[in-house]
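Residue numbers (the numbering used here), protein chains in the order written: chain A, 60 to 265; chain B, 60 to 265; chain C, 60 to 265; chain D, 60 to 265.
Bear in mind the hints are in silico, worked out from the structure with no lab data behind them. There's no promise every hint is true.
Pairs count within a copy or across copies, as identical chains cannot be separated in the list.
Stated by the list, open to error - Derived lysine-lysine pairs resembling DSS-like cross-links, with alpha carbons at most 30 Å apart: (1) LYS235 / LYS158; (2) LYS67 / LYS116; (3) LYS187 / LYS231; (4) LYS187 / LYS67; (5) LYS198 / LYS231; (6) LYS109 / LYS158; (7) LYS187 / LYS109; (8) LYS262 / LYS231; (9) LYS198 / LYS235; (10) LYS198 / LYS178; (11) LYS262 / LYS187; (12) LYS74 / LYS109; (13) LYS198 / LYS262; (14) LYS116 / LYS262; (15) LYS158 / LYS67; (16) LYS198 / LYS158.
4 protein chains.
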Amino acid sequence: MTNDNFQKLISHFMKFPGIGSRQARRFVYHLLHQDEATNQDLASAIADLKQSINQCKQCFRFFSSRTEAPLCTICQDSNRDQRTLLLVEKDIDLENIHKTDTFTGLYFVLGGLVPILEKNPASRIRIKVLTDQLPERIKGGLQEVIIAVSANAEGDNTAEYLRETLGPFLAKAEVKISTLGRGLSTGTELEYSDRDTIRHALKNRE
Amino acid sequence: MTNDNFQKLISHFMKFPGIGSRQARRFVYHLLHQDEATNQDLASAIADLKQSINQCKQCFRFFSSRTEAPLCTICQDSNRDQRTLLLVEKDIDLENIHKTDTFTGLYFVLGGLVPILEKNPASRIRIKVLTDQLPERIKGGLQEVIIAVSANAEGDNTAEYLRETLGPFLAKAEVKISTLGRGLSTGTELEYSDRDTIRHALKNRE
Amino acid sequence: MTNDNFQKLISHFMKFPGIGSRQARRFVYHLLHQDEATNQDLASAIADLKQSINQCKQCFRFFSSRTEAPLCTICQDSNRDQRTLLLVEKDIDLENIHKTDTFTGLYFVLGGLVPILEKNPASRIRIKVLTDQLPERIKGGLQEVIIAVSANAEGDNTAEYLRETLGPFLAKAEVKISTLGRGLSTGTELEYSDRDTIRHALKNRE
Amino acid sequence: MTNDNFQKLISHFMKFPGIGSRQARRFVYHLLHQDEATNQDLASAIADLKQSINQCKQCFRFFSSRTEAPLCTICQDSNRDQRTLLLVEKDIDLENIHKTDTFTGLYFVLGGLVPILEKNPASRIRIKVLTDQLPERIKGGLQEVIIAVSANAEGDNTAEYLRETLGPFLAKAEVKISTLGRGLSTGTELEYSDRDTIRHALKNRE
Chain A
60 MTNDNFQKLI SHFMKFPGIG SRQARRFVYH LLHQDEATNQ DLASAIADLK QSINQCKQCF
120 RFFSSRTEAP LCTICQDSNR DQRTLLLVEK DIDLENIHKT DTFTGLYFVL GGLVPILEKN
180 PASRIRIKVL TDQLPERIKG GLQEVIIAVS ANAEGDNTAE YLRETLGPFL AKAEVKISTL
240 GRGLSTGTEL EYSDRDTIRH ALKNRE
Chain B
60 MTNDNFQKLI SHFMKFPGIG SRQARRFVYH LLHQDEATNQ DLASAIADLK QSINQCKQCF
120 RFFSSRTEAP LCTICQDSNR DQRTLLLVEK DIDLENIHKT DTFTGLYFVL GGLVPILEKN
180 PASRIRIKVL TDQLPERIKG GLQEVIIAVS ANAEGDNTAE YLRETLGPFL AKAEVKISTL
240 GRGLSTGTEL EYSDRDTIRH ALKNRE
Chain C
60 MTNDNFQKLI SHFMKFPGIG SRQARRFVYH LLHQDEATNQ DLASAIADLK QSINQCKQCF
120 RFFSSRTEAP LCTICQDSNR DQRTLLLVEK DIDLENIHKT DTFTGLYFVL GGLVPILEKN
180 PASRIRIKVL TDQLPERIKG GLQEVIIAVS ANAEGDNTAE YLRETLGPFL AKAEVKISTL
240 GRGLSTGTEL EYSDRDTIRH ALKNRE
Chain D
60 MTNDNFQKLI SHFMKFPGIG SRQARRFVYH LLHQDEATNQ DLASAIADLK QSINQCKQCF
120 RFFSSRTEAP LCTICQDSNR DQRTLLLVEK DIDLENIHKT DTFTGLYFVL GGLVPILEKN
180 PASRIRIKVL TDQLPERIKG GLQEVIIAVS ANAEGDNTAE YLRETLGPFL AKAEVKISTL
240 GRGLSTGTEL EYSDRDTIRH ALKNRE
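Please put together the full structure from these sequences, using the hints given.
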């Protein structure tokens, strides 16, 4: 099939997370088999998406913007515990943690992780905005910053960078900085656990 | 995230082949991270897709329609061998076979397969259109109809239905009806081959 | 192939962990392709295995028994920390933890886990022997019993049973009872973490 | 665990097809948990295996040898079709084909495949014995030699070598030489088929 729209759609879909050329092609054929109204509905939802969704000026998560509110519902909610601030890589992590109902504080979306050997870490995550917010948040009662990133090399590197960068300032303000606990995650079998997991599981025994 | 467009997009993406709710959600976040122009480009490509692509009146494959030609380039190409007609389930199968350059005849897209125990097979595939086309194609020199469907239960059932339905008429017109050869496909190990594959591989030895 | 030894070996190998009939059969053909001396060497190693290996009278792990020592080298080692006792399901878990060099105390092999709804848990693990050993171990300085089982339903059930059974006695003796810490194990991505893991990771933050 | 028999068994089991060090270790612990009689039974079955099984002097498959017969039951069976000889890589392939009851002729186990770029192919398969057998087999009525090897690079290379080596002699004797038919094996989907499979499936259409 040689067609501008066809090829253009394949290119777009190949940029979707986890989608290769073969599946991108199947997506276009899928659309060709939908009725006209369905495709118009999809197209207009995509066209309007960013207008209908704002990024919170404080935590940088996306939220529905019927009103012109600059802050999301979580940041506006004065019942949330202002003493803890959870730093996450991306919206989906935030959503996954939020829906567990196990965290009662506030969030901040870093917008990425810092790869190992990155020369300019500040270009990868919202460290400057976060630093600028901290004095205000401390005035508001902040007592602990929790780094909540994935337990892999990039996550560890990001945590280390955050501790180095924020640590001294937070220490002076007597704000703790912590990372998520390591140990056995649900389903982990001891027989297959690595040294690091076992070490943490022993240290964090409950 | 509670937002009409957000939820609507998740619903749309969950209808894409092979996409579950988690990946649909990641797709929407992916779009939120694109710039406005990229999303508008994607939206308009989707909105215009069906207008810019025709379905061939003869073989029913999709093709680019800059001109108002009713037939695709393959059906228009008088150099293609008019003696063989290859029946396929869907456009992607046709594309995959076509790009191998091993078939020189014409194609016909059935538009589906006939599930086992289907009471109304004619509602599943373009059997009526095909039947209507056959006299003209026979006049044009047709000598063989090749059923080129996947080697699974639904494919076998479709082949059987096509042989029953088209067989008598084609026999009278001295047009052969055949199915793709079975045997060892590339990479098959004998140790793990089933009885059917071994039987065909012995029968079709080369 | 119909042969008594052949069939007998397939039956034996099918009882090996993770081995089905097809692989069992491949094992026998593998043996048929070895030279006679190799098979005799394998056979005598299997025949002598249990005589050459003792089970420690104290921790119940298997150990090499050139001398007639009733206790394994770990139990005999007075440099090991007598204050902590780690309960594990099986030898392989013990080995995996031991080789990380992160635990300095003593071990006890339970010999199994307690399945959910098991009516007679005492038939599944060495609870009686353990209970009998505790007074002596407490005299020897025991301060904490660590339940180190896999983080799945059976492991949780076993831990619960152990806490119920040993808890009151240990509490009186002022011996702590703990389980391995839960949280993010190495490689865990937040996006895919379950509620329980996130809850523990937040609670055990470091 | 440091013990001669333990380590020796791990080494033996790691040579079993598809077994790594971790599973080899689990096998030994499995044996330690069996009762003494079971292990003795396994050991003696392994020790006696090769004495209780012969390799057929004609087709080189393994067979049970209660009598001192030099030929296996298939080679002795005068009802088998003497006109076709099927060449296979190994016993398991022969068994898999034999149990389908789709082949009525005789077999010959090559004992391996010829890797690409192998300088001494004759060291990899029983080509010399086979060549020596052919005159007698031709006198007995042989009309076709079927090369039945897996449809991968090594299988193709072996088939090519066999055609080159046996071809001229067989041609003179008017004995055909063939390979198993290629095409769609059971379960193959057209969308994912490679060029070679499609080409063969078209050529071998039925």
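Evaluated hints:
1. LYS235 / LYS158: within (25 Å within a copy, 34 Å between copies)
2. LYS67 / LYS116: between (33 Å within a copy, 25 Å between copies)
3. LYS187 / LYS231: Within one copy, since 18 Å is at most 30 Å while 54 Å is not.
4. LYS187 / LYS67: Close neither inside one copy (37 Å) nor across copies (34 Å); limit 30 Å.
5. LYS198 / LYS231: within (13 Å within a copy, 47 Å between copies)
6. LYS109 / LYS158: within (23 Å within a copy, 39 Å between copies)
7. LYS187 / LYS109: Within one copy only: 24 Å inside, 46 Å across.
8. LYS262 / LYS231: both (28 Å within a copy, 25 Å between copies)
9. LYS198 / LYS235: within (15 Å within a copy, 41 Å between copies)
10. LYS198 / LYS178: neither (33 Å within a copy, 57 Å between copies)
11. LYS262 / LYS187: This pair counts as between: shortest inter-copy Cα distance 28 Å, intra-copy 34 Å.
12. LYS74 / LYS109: The answer is both: 18 Å in one copy and 22 Å across copies each meet 30 Å.
13. LYS198 / LYS262: Cα proximity of LYS198 and LYS262: across copies only (25 Å, versus 34 Å in one copy).
14. LYS116 / LYS262: between (39 Å within a copy, 29 Å between copies)
15. LYS158 / LYS67: So LYS158 and LYS67 pass the 30 Å test across copies only (20 Å; inside, 36 Å).
16. LYS198 / LYS158: This pair counts as within: shortest intra-copy Cα distance 28 Å, inter-copy 48 Å.
The structure does not agree with the numbered hints 4, 10 stated previously, though it agrees with the rest.
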